[in-house]
Amino acid sequence: MHFAFPPRKTSHPPPYAARSSRSGFLRYSQLRNILILAVGALITLYLLSGLFSGSSSVSIPAGTPRAVVVTTLDPSLSESYKAAIKANRKHYAAKHGKRPYSCFAMLSLY
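Residue numbers -2 to 107, in the working numbering, belong to the letters of the sequence shown in order.
Just so you know, not all the hints are guaranteed correct.
[Claimed, not checked] List time: in silico DSS-like cross-link candidates among lysine-lysine, alpha-carbon distance up to 27 angstroms:
#1 K83 <-> K95
#2 K79 <-> K92
#3 K95 <-> K79
Don't read these hints as lab results, they were simulated from the structure.
Sequences are here, hints too, so could you generate the full structure?
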């Protein structure tokens, strides 16, 4: 049989749950806000240090190549294959405006 109304509330409700003993610690939202401010301050300091620091780039003397292509060759490869690799590297350097010099080293040196 169904009841027409729900039962009445008790006149002795259970007590509220006790507060956490971690009340001295920061709450999650406060901790998150502090973390956001700290990260923002670090990013600001990083950007300002980049603005006011002197130029750290090294000047390259005129007439020197900006990069050297180093190709390591396995001594067990055939001579015709090594020659094809060397020709390809020299072609690549000439195509991209580099001096047609590449450094070829044996794999045993590394």
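Right, here's what the structure says about each hint:
Annotation: proposed proximity of K83 to K95 holds, straight-line Cα distance about 15 angstroms (limit 27 angstroms). The straight-line distance between the Cα atoms of K79 and K92 is roughly 20 angstroms, inside the 27 angstroms bound, and the hint therefore holds. At most 27 angstroms may separate the alpha-carbon atoms for a hinted pair to count; K95 and K79 meet this at roughly 21 angstroms.
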